[in-house]
Each structure stands twice: as C-alpha cells, then as structure tokens.
Amino acid sequence: MDSNYLKITFTEQEQRDLNNNCINSFQYRSKPFINSDLYLTTIEDIKRLTTDTEVKTVYQYDLSRKDIEYQFKPGDTIGILPPNNEEEVNRLLLRLNYESQSHKIYKLTILEQTTKKNPSIPKHVPENSTLYSIFLNNIDIRLPPKKVFLKSLIKYTTDTKELELLEKICSSSSDYMEFLYSHKTLLSLFNAFPSCFPPVEIILQHSSPLHPRYFSIASSPLETDILSIIFHVVEYDNGTKGVCTGWLDKLYKNQDIKNTKIPFYFRKSGDFNYTISTEPTVLIATGTGIVPFRSFLRHKELIERNEEQSKSGDVLLYYGCRYQDRDFLLKEEIYNFIKNGTLTKLFTSFSRESTKKCYVQHELLKNGSEIVNLLLNKKANLFICGNAKTTVKSVRETIIECFVLYGLMDKSSAEEQLTILVKNKKFLVDNYWI
Numbered sequence: 001m002d003s004n005y006l007k008i009t010f011t012e013q014e015q016r017d018l019n020n021n022c023i024n025s026f027q028y029r030s031k032p033f034i035n036s037d038l039y040l041t042t043i044e045d046i047k048r049l050t051t052d053t054e055v056k057t058v059y060q061y062d063l064s065r066k067d068i069e070y071q072f073k074p075g076d077t078i079g080i081l082p083p084n085n086e087e088e089v090n091r092l093l094l095r096l097n098y099e100s101q102s103h104k105i106y107k108l109t110i111l112e113q114t115t116k117k118n119p120s121i122p123k124h125v126p127e128n129s130t131l132y133s134i135f136l137n138n139i140d141i142r143l144p145p146k147k148v149f150l151k152s153l154i155k156y157t158t159d160t161k162e163l164e165l166l167e168k169i170c171s172s173s174s175d176y177m178e179f180l181y182s183h184k185t186l187l188s189l190f191n192a193f194p195s196c197f198p199p200v201e202i203i204l205q206h207s208s209p210l211h212p213r214y215f216s217i218a219s220s221p222l223e224t225d226i227l228s229i230i231f232h233v234v235e236y237d238n239g240t241k242g243v244c245t246g247w248l249d250k251l252y253k254n255q256d257i258k259n260t261k262i263p264f265y266f267r268k269s270g271d272f273n274y275t276i277s278t279e280p281t282v283l284i285a286t287g288t289g290i291v292p293f294r295s296f297l298r299h300k301e302l303i304e305r306n307e308e309q310s311k312s313g314d315v316l317l318y319y320g321c322r323y324q325d326r327d328f329l330l331k332e333e334i335y336n337f338i339k340n341g342t343l344t345k346l347f348t349s350f351s352r353e354s355t356k357k358c359y360v361q362h363e364l365l366k367n368g369s370e371i372v373n374l375l376l377n378k379k380a381n382l383f384i385c386g387n388a389k390t391t392v393k394s395v396r397e398t399i400i401e402c403f404v405l406y407g408l409m410d411k412s413s414a415e416e417q418l419t420i421l422v423k424n425k426k427f428l429v430d431n432y433w434i
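Numbered as in full-length UniProt numbering, the sequence shown ends at 434 without a single skipped number.
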C-alpha cells in the first residue's frame with residue numbers, strides 16, 4: 001500500500017521573490033502561545049556584547065516599536081519567526097533532485113485514490129507556493145526524523161546495504177536512538193542513504209512546522225521607542241549554528257539590517273513578571289539569564305525616576321558567568337543600577353577566574369542566613385533564570401540547604417517549604433535547556 005496521500009503538480013511559472021517583508025507571507029507559520037498581532041519590525045541597532053573568542057558570542061538587538069501598541073510586562077517573551085539556513089536548504093533540494101523545480105510554483109492536493117482516512121494537507125504547508133519557499137520558511141529541516149518517516153523511506157531506497165541499515169534502525173529502539181545521535185537533520189539523513197530518493201510529497205506529509213524561537217525582552221515597557229533582546233549564538237559540536245541565532249548572527253556580520261525586518265509576536269504572559277512592590281526581590285541568573293532582569297531593573301529605574309514618592313522593596317542580584325572581564329554581560333549597566341539605587345546589592349561569581357570554581361550557589365550559601373530571612377520573614381519574591389540542568393537545579397538544592405542550616409529545618413521540612421513558596425508564586429523560574 002502506498003503511504004503517500006499528497007499530490008504535487010508543478011507549473012511552469014517561477015517565483016524567486018519570497019516577499020518576506022509582507023505579513024501575509026507568514027500566515028502558514030506556526031505561532032504557539034501567540035497573544036498579539038504578528039509584527040514586522042526594523043532593526044534600530046545591534047551591539048556585540050562579547051568579543052573574546054573563548055566565550056559565547058552575545059548580541060543585543062534593539063528593535064523598533066513603531067506602530068506597536070501592545071503593552072507587555074517585564075519578564076515577557078517574544079517569538080521570532082526565523083528562516084532556515086539558505087545554504088542548507090539549497091544543499092537539501094539538490095540532494096533530493098528537486099533543485100531545478102525548487103522555484104516553480106506548485107499546487108498541492110490530496111490524491112483521489114488514497115485510502116488514508118480523513119487525509120489533509122499539513123497546516124504549515126501552503127497549497128500553492130514553491131519548494132524553496134516552504135523548505136526555507138515552513139518546515140523544520142533540523143528536526144530528528146521519526147520512525148514512521150524512516151519506514152516510509154524503505155520503498156524508495158535501492159542499495160541493499162542501505163536498505164538493511166534502514167530496516168534495522170526502524171526495528172530496534174537502541175539502533176534508532178544511536179542513529180539519531182549523529183543524524184539529526186534531513187540533510188544528514190539523506191546523505192546517510194545516497195540511494196534513497198523519495199517523492200517530495202512524502203517529506204511534506206511527514207514534515208513538522210518550523211517553530212518560532214523565544215527570546216526574553218530586555219527592555220522596559222516604558223521604553224516606547226525600542227524593544228531589546230539579548231542572546232548568545234547557539235553553536236553545535238558539528239559547527240552549525242542555531243536556526244534563529246545563526247540567522248541573526250549572519251545579519252550582523254553581513255550588516256544586512258536596513259533591508260531586513262524581524263517577524264515576531266508577543267507570547268502569552270506567565271507568572272515570571274516583575275511588578276513594583278514593597279516586598280524584597282531576589283534575582284538569580286547565569287550568563288544570558290540576566291536578560292529578563294535587565295527588563296525588571298530598567299522598569300524599576302524608570303518608574304522611580306518618574307515617581308519620586310515610589311516606594312519599592314530592596315532588589316538583590318546574584319549573577320554568575322565565566323570571566324569578570326570577558327562575559328560579564330551588561331556590567332556597566334548593572335553597576336549603574338547599584339549607583340542610582342535601583343539595585344540594592346550585587347553578588348557575583350566567576351567560574352573560570354581561578355582554579356577554584358565559584359558559582360552562584362556558593363554565594364547564596366555564603367549569604368544563606370539573609371536568604372532565609374528574606375524568603376521566610378520578609379516575604380521576598382525570588383526569580384531564577386538560567387540553564388535548567390545546571391543553574392536552576394543547583395539553586396533549588398542550595399535554597400533547601402539554606403533552610404536546613406539557617407532555618408533550623410530537617411531536609412523534608414525544607415523541601416516542603418520550597419514547595420509552598422513555588423505554590424504561592426514566591427519562587428519563580430524561567431529556564432532554558434541549551
């Protein structure tokens with residue numbers, strides 16, 4: 001039985017202008033948790049915040065807020081809709097033998113003779129477009145292939161050894177996982193099976209949408225002219241860069257900002273938001289985890305500048321990075337926040353400054369008595385932003401240890417106390433996995 005239920009028909013008409021500066025061109029893009037219109041905005045300024053080759057490349061992008069009336073909160077995020085890497089798309093279409101048809105307008109329909117129950121064209125794939133356009137903008141070409149997709153490729157593979165390998169991968173979970181470890185993209189998949197040439201319909205019907213990438217807002221809602229994001233360029237062991245951060249990195253290097261507009265939307269707010277309060281606030285961040293806290297502090301600074309009678313609680317910042325002089329992000333701004341009273345206390349940790357590594361959890365433990373007093377007696381709000389596997393996990397364990405040492409609790413009671421803080425939204429986490 002043929003697993004294909006889509007039919008593609010190419011016309012002789014070509015379309016090479018993708019017109020990605022038009023809102024309508026993004027109507028088929030995936031937009032999870034959207035809470036606003038989709039905006040296309042210009043780049044007002046780009047700053048590279050790190051220059052040392054031994055640390056991650058970090059940029060600050062200032063986007064125009066012209067004609068954007070949406071009122072976000074400090075701590076909110078935006079979803080940016082990036083394209084895939086153009087070179088990777090061209091190589092993939094060449095490998096699939098669709099290079100000559102890649103810019104021809106197609107029509108996608110359901111096969112009349114299909115036996116599939118309730119077949120439909122994937123929502124993220126336009127019925128009329130070009131292969132180049134949808135491979136660039138609509139489908140995720142970096143997503144590891146699922147078993148059902150690999151099984152559909154068997155009938156289109158002619159080499160005996162490749163066929164045996166493909167069948168082995170599809171029948172064994174361990175072999176499948178081992179294969180995924182080194183073949184995470186469509187291009188690497190098809191390069192592993194040179195004799196496999198499926199019709200493009202198979203790829204489209206098994207494709208996943210190219211999702212947005214989320215970025216914490218680094219500016220205050222009161223800064224009406226710009227919206228800032230700060231991020232590091234994701235780089236993988238094989239030399240490739242993240243889909244979105246790689247695209248933004250390329251824009252900076254090519255100085256191609258006048259002709260480029262950034263498509264984005266505001267994501268629905270969660271609980272990780274800052275409001276001016278008389279209660280103390282404890283901020284804990286590592287690396288680019290400082291980004292939402294810049295929004296917090298800029299917002300507090302602007303409110304207190306405009307409202308002389310504003311009374312807000314103390315704000316303490318625990319920040320960790322590798323080097324004091326290489327990747328201490330926003331150092332001058334943070335010290336200015338101390339100078340003008342926006343930030344009450346600053347505690348820093350640098351993990352590569354000496355042979356003895358120092359992390360934020362070490363500083364927290366040093367000041368454990370104050371932390372316990374702030375959380376249990378002064379009703380402080382604690383925010384953490386950092387890597388879920390390392391920073392967030394370690395900070396949670398350290399707070400529990402502080403409760404044991406300075407709150408005179410056993411471990412079970414300390415864990416229960418942390419659970420209560422989380423439930424009462426006094427212990428809030430914004431984490432990332434890269």
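Hints should not be assumed to be uniformly reliable.
[To be verified] Each pair of labels, with its calculated beta carbon distance range:
1) N35 / S171: 55 to 61 Å
2) E178 / K345: 35 to 41 Å
3) K339 / N254: 33 to 39 Å
4) K345 / E99: 24 to 30 Å
5) I303 / K389: 52 to 58 Å
[As the list claims (entries may be wrong)] Below, simulated BS3-like cross-link-like pairs (lysine-lysine); rule was C-alpha separation at most 27 Å, straight line:
6) K426 / K389
7) K7 / K107
8) K389 / K268
9) K389 / K261
10) K366 / K379
11) K411 / K73
12) K47 / K107
13) K411 / K378
14) K425 / K56
15) K311 / K339
16) K389 / K241
17) K268 / K31
18) K73 / K356
19) K31 / K66
20) K116 / K147
21) K31 / K73
22) K366 / K268
23) K241 / K261
24) K66 / K56
25) K31 / K311
26) K339 / K389
27) K366 / K339
28) K253 / K66
29) K253 / K147
30) K184 / K250
31) K47 / K411
If you are wondering where the hints come from, they were derived from the structure by calculation, not from laboratory data.
Since this is a predicted model, take the numbers as computed values, not measurements.
Glycine included, every Cβ here is placed at the ideal spot set by N, Cα and C.
To see whether the hints hold, each was checked on the structure:
Between N35 and S171 the beta carbon distance is about 44 Å. The supplied range of 55 to 61 Å is therefore violated. The hint said 35 to 41 Å for the Cβ distance between E178 and K345, and at roughly 49 Å that hint is violated. The beta-carbon spacing between K339 and N254, approximately 38 Å, falls within the hinted interval of 33 to 39 Å. Here the CB-CB span from K345 to E99 is close to 60 Å, at odds with the stated 24 to 30 Å.
For I303 paired with K389, a C-beta distance near 35 Å fails the hint of 52 to 58 Å. Restraint check for K426 and K389: the C-alpha separation of about 21 Å stays at or below 27 Å, so the hint holds. Between K7 and K107, the direct Cα distance comes to roughly 8 Å. Compliance with the 27 Å bound is thereby established for this hinted pair. With a CA separation close to 24 Å, the supplied pair K389 and K268 stays within the 27 Å bound.
Only pairs whose Cα atoms come within 27 Å are accepted, and K389 paired with K261 is rejected, the gap being roughly 34 Å. A distance of roughly 20 Å separates the Cα atoms of K366 and K379; the hinted pair therefore holds under the 27 Å criterion. A C-alpha spacing of about 36 Å is found between K411 and K73, which places the hinted pair above 27 Å, so the restraint is violated. A hinted pair counts as satisfied when its Cα atoms are at most 27 Å apart, and K47 with K107 does not qualify at roughly 43 Å.
Taking the CA atoms of K411 and K378, the gap is near 22 Å; set against the 27 Å cutoff, the hint holds. The suggested pairing of K425 with K56 is violated, with an alpha-carbon distance near 32 Å, which exceeds 27 Å. At roughly 17 Å between alpha-carbon atoms, K311 and K339 fall within 27 Å of each other, so this suggested pair holds. With a C-alpha separation of about 21 Å, the suggested pairing of K389 with K241 holds against the 27 Å cut-off.
As the CA atoms of K268 and K31 are separated by approximately 11 Å, the hinted pair is consistent with the 27 Å bound. Under the criterion of a C-alpha separation no larger than 27 Å, the hint pairing K73 with K356 is inconsistent with the structure, at around 39 Å. About 22 Å separates the Cα atoms of K31 and K66, which keeps this hinted pair within 27 Å; it holds. Restraint check: the Cα-Cα separation between K116 and K147 comes to about 19 Å, which is no more than 27 Å; the hinted pair holds.
A distance of roughly 20 Å separates the Cα atoms of K31 and K73; the hinted pair therefore holds under the 27 Å criterion. The suggested pairing of K366 with K268 is violated, with an alpha-carbon distance near 37 Å, which exceeds 27 Å. Restraint check for K241 and K261: the C-alpha separation of about 21 Å stays at or below 27 Å, so the hint holds. A C-alpha spacing of about 31 Å is found between K66 and K56, which places the hinted pair above 27 Å, so the restraint is violated.
As the CA atoms of K31 and K311 are separated by approximately 39 Å, the hinted pair breaks the 27 Å bound. Distance check on the hinted pair: K339 and K389 sit about 34 Å apart at the alpha-carbon level, beyond 27 Å; violated. Of the pairs offered as hints, the one joining K366 and K339 holds, with about 24 Å between alpha carbons and a cut-off of 27 Å not exceeded. For a cut-off of 27 Å, the pair hint linking K253 to K66 stands: about 25 Å separates their Cα positions.
For the proposed pair K253 and K147, the alpha carbon gap of about 38 Å is over 27 Å, so the pair is violated. This hinted pair checks out: K184 and K250 have alpha carbons roughly 22 Å apart, not beyond 27 Å. Of the pairs offered as hints, the one joining K47 and K411 is violated, with about 46 Å between alpha carbons and a cut-off of 27 Å exceeded.
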